[in-house]
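K.L.:
Chains as they are written, first to last, in my numbering: chain A, 49 to 558; chain B, 41 to 374.
Honestly, the hints are just simulated from the structure, not real lab data. Treat the numbers as computed from the prediction; the structure is a model and nothing was measured. Just so you know, even glycine gets a beta-carbon here, dropped at the ideal spot from N, CA and C. Honestly, I wouldn't trust all of these hints.
To be verified - Some, not all, of what chain A presents toward chain B, calculated at C-beta under 8 Å:
#1 N96
#2 S98
#3 Q109
#4 T160
#5 G164
#6 S250
#7 T252
#8 G254
#9 I280
#10 A281
#11 D282
#12 N288
#13 P384
#14 A444
#15 T445
Stated by the list, open to error - Listing some non-contacts, in silico: residues in chain A with all C-beta distances to chain B over 10 Å:
#16 A215
#17 I390
#18 E391
#19 A398
#20 S403
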Amino acid sequence: MTMDSTKTGPNRRQILAGISATALGAALMSGATLAFAQSTGTLRVACNGSASDSLDPHRTQGQVTDIVRFSNLFDGLCEYAPDGTVQNVLAESFTPNADATEWTVRLVPGVTTHAGRPYEAEDLIASVRRILDPEHPTRGASLIAFVDAEGLEAVDAQTVLFRLKRAYGPFRDVWANRYLRMVPRDFDPSAPDGTGPFKVVSFTPGRESVFDRFDGYFREPALVERVVISNIADATAAINALRSGQIDMTYLVPISEAAIIEADPSMQLVNNPSMLSIPIYMRTDVAPFDDPRVREAIRLIANREQMVEIALSGYGVVGNDMQGRNVTPCGDTPVPQRTQDIERARALLAEAGQSDLDVEIATTAGTPGMVECAQILAEQARAAGISIRANVMDEATYLANYGNWSFGVDFLSDTYLPVVARSLVPGGTFNNTHWNDAEFNALFERATASSDEAERCEIIHQMRTIEHERGGNIVWGFANTLHAVGANVQGVVPYVVNSAFNNLRVVSKS
Amino acid sequence: MTGTADPARRVPSGTRKNLGIIGTRLAISLVLLIVMSMLVFAATQALPGDIALMVLGRDATPAQVDRLRSLLNLDAPVWQQYLLWAGNLLQGDFGTSFISQQPVGDIVAARISNTLVVVILSFALSIPISLLLGVFTAVHADGLGDRIVLLVSIALNALPEFVLALLLVLLLSVKVFHIFPPVALLSPEQSVWAQLPRVALPVLTLALLQMSYFYRLVRATMIDVLNSDYVEFARLKGMPQRVILWRHAIPNALVPAVQAAGTIFAISFGGVVVIEYVFAFPGLGTALAEAVGSRDIQVVQAITLTIAVIFFATNIVTDLITLMLTPPGRGGQA
Chain A
49 MTMDSTKTGP
59 NRRQILAGIS
69 ATALGAALMS
79 GATLAFAQST
89 GTLRVACNGS
99 ASDSLDPHRT
109 QGQVTDIVRF
119 SNLFDGLCEY
129 APDGTVQNVL
139 AESFTPNADA
149 TEWTVRLVPG
159 VTTHAGRPYE
169 AEDLIASVRR
179 ILDPEHPTRG
189 ASLIAFVDAE
199 GLEAVDAQTV
209 LFRLKRAYGP
219 FRDVWANRYL
229 RMVPRDFDPS
239 APDGTGPFKV
249 VSFTPGRESV
259 FDRFDGYFRE
269 PALVERVVIS
279 NIADATAAIN
289 ALRSGQIDMT
299 YLVPISEAAI
309 IEADPSMQLV
319 NNPSMLSIPI
329 YMRTDVAPFD
339 DPRVREAIRL
349 IANREQMVEI
359 ALSGYGVVGN
369 DMQGRNVTPC
379 GDTPVPQRTQ
389 DIERARALLA
399 EAGQSDLDVE
409 IATTAGTPGM
419 VECAQILAEQ
429 ARAAGISIRA
439 NVMDEATYLA
449 NYGNWSFGVD
459 FLSDTYLPVV
469 ARSLVPGGTF
479 NNTHWNDAEF
489 NALFERATAS
499 SDEAERCEII
509 HQMRTIEHER
519 GGNIVWGFAN
529 TLHAVGANVQ
539 GVVPYVVNSA
549 FNNLRVVSKS
Chain B
41 MTGTADPARR
51 VPSGTRKNLG
61 IIGTRLAISL
71 VLLIVMSMLV
81 FAATQALPGD
91 IALMVLGRDA
101 TPAQVDRLRS
111 LLNLDAPVWQ
121 QYLLWAGNLL
131 QGDFGTSFIS
141 QQPVGDIVAA
151 RISNTLVVVI
161 LSFALSIPIS
171 LLLGVFTAVH
181 ADGLGDRIVL
191 LVSIALNALP
201 EFVLALLLVL
211 LLSVKVFHIF
221 PPVALLSPEQ
231 SVWAQLPRVA
241 LPVLTLALLQ
251 MSYFYRLVRA
261 TMIDVLNSDY
271 VEFARLKGMP
281 QRVILWRHAI
291 PNALVPAVQA
301 AGTIFAISFG
311 GVVVIEYVFA
321 FPGLGTALAE
331 AVGSRDIQVV
341 QAITLTIAVI
351 FFATNIVTDL
361 ITLMLTPPGR
371 GGQA
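Isolated chain A, as found in the complex (with noise of 0.2 Å):
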């Protein structure tokens, strides 16, 4: 018996020389040691994404990359500082006229973009008219629906005069928005040219970006040369490459692990007292939530300490069942805390017949704290004895039905004049309770026309207390957001509206 009383092709012993020898180059391979750590001049930023990634400010989904990626390239008008006020950008001054109706804009003198040409009045006009293109549906579109496209006009080089279809007194604020971004008038976003204090080097959706330090910036440039943006979907993995520094900042920290993450000698929280908002919804237009009292019923079940204490793990606030974490500049609004009273919630049920309520409420994790907040709620319902069901889907499955779930969970993260525009008044894209109360909305066009900002902060203290006393949402709380952020990593201070992730150009490495 020999080997050799086969011929057919290679034989055994060959092709498991073949099997070791390919097993010798993965043994080299993992000998290999290494230093995660970066240079200081490249701040590594992760954030999560997706496939739909791009670099276009207007017409963009909206997922954290994207924000981050385009609040870095581009300048607005205005924007927000860490305190929720709105400082000008490329903007020098906002003149309207006697009643609002005629804004002028001058922009700032010798601003120029990444491509070297100077930025003028021509471009902000394109841009605008960029946003405002119904062919092309825009996040901003809505937020500047006022302004009359047509009827914007170069008064020179550096000023615009913007005509508007009703007045708006506000004007100056709305500019600070994430979503209006502005662009040189021949922009285009596979090339894209910006004033922003960082320029694009390369992009691969969905996976990372690295932009340079654009040294031509008007304001003071960017601390560091370079940022590189990488996705990375899971928060843990996101947490491990920031504690062996593999980056130096990650947008994207879980509740769970903040607590984690404060007593890390190697890391930072970052906790922002932000403006988003989990409303619970219930649609005022169709039973059983049409009935007032059931919708009292359905508050007055709500427990919010409990449910920011679990669902957000105590990071965040109570609410109100008004949007605003703050008003700012206008102070509280003097309504008193509504807190969970079982008996009147019976009460208000029997009363409306409603004792032995059976409802869904339609979730998807959106944001930390929405599934949560609804399988709180059906938990304490049970004490009303009447029945919520969690239907917890995905995100997909949410959206297909998104404005028609009678009872639901939502998230909205805005000041409070753009989340009344489109969550509280007809025709707002977010406007799931269906909610049209004609003395509100009168206020809120009142309050939209005023440039008195006295006169506006009391509209605005009527319309929180009517959205208190008769609303269609459960604003239980509002949350903080979260990132986390390396040990040597300076410059990064808490948002109220905006995240330092948008403005990387004050940061720093050391």
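Start from chain A and add chain B according to the hints.
P.N.:
Chain B in isolation, oriented as in the chain A frame:
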């Protein structure tokens, strides 16, 4: 003598029959692939949710949604959509992703090459080690070494994949040692081969999982072979243990191992989403999971079909290797 004859020692009866077998397999695979493509298409149609809504997001107006639906040809009957898609596919055109507006072929190709590197490297580690461990523990069955290795492998197999992955992260990059980076942050500007240390942990995790299963299979078949009549006969006629092992036992034990290796290879391709997530590894599994989540139908279809093709191809390759290892290839018919 059929029961006691060494099946690997038989005389070959020609390669024509082998070619016939492979040809039949290829034809069947092709038919199955067409059926698969229909199933995949039907399944993606049945997914709840509206792709136009996913593209436009929460603040879309019904008019915008309708316009996008007709633009994406989502209004056409399903069979028309299928034929259009299948027709393009035959010309090598996977289409353009609705979500990312990029050619689907490009998206999938990049992910395949990443996954391929990890799977091949993990295989290069796990297969030889499993073979050595399997043979060693079979020869020393029930000894202390065998029991220890068996215990470890069962423990590894019992752990959910992501727990093993996280344990390795804690052990090798974050807490105890700092040898490998915890996250596979691959730069898309470079080839994976240029950044191999970054994929060390995914490779290691995958290799350990493959080993925990594969080595036990080798061990079990080896024990069977070592207890067979022909090995017993070889022993009785005084053949040295080493020769028995290498000439008779191992070649015969390899056949089922090759089949299993093929299956592990194919599964490793699409079934390691959890590991990819833990390491933020841009592989095929994560791409599929993300595409399902965002209803990026074209990408879902392309990746599912790719995985199906890999399964079919692996089956054919393992069949080929099996034929090579058992020259007659036909058991008791020679």
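K.L.:
Taking the hints in turn, state whether each one holds.
P.N.:
Each hint tested on the structure:
no. : hint : in the structure
1   : N96  : 10 Å, violated
2   : S98  : 6 Å, holds
3   : Q109 : 5 Å, holds
4   : T160 : 28 Å, violated
5   : G164 : 25 Å, violated
6   : S250 : 6 Å, holds
7   : T252 : 4 Å, holds
8   : G254 : 7 Å, holds
9   : I280 : 4 Å, holds
10  : A281 : 7 Å, holds
11  : D282 : 5 Å, holds
12  : N288 : 4 Å, holds
13  : P384 : 32 Å, violated
14  : A444 : 3 Å, holds
15  : T445 : 4 Å, holds
16  : A215 : 24 Å, holds
17  : I390 : 33 Å, holds
18  : E391 : 37 Å, holds
19  : A398 : 36 Å, holds
20  : S403 : 33 Å, holds
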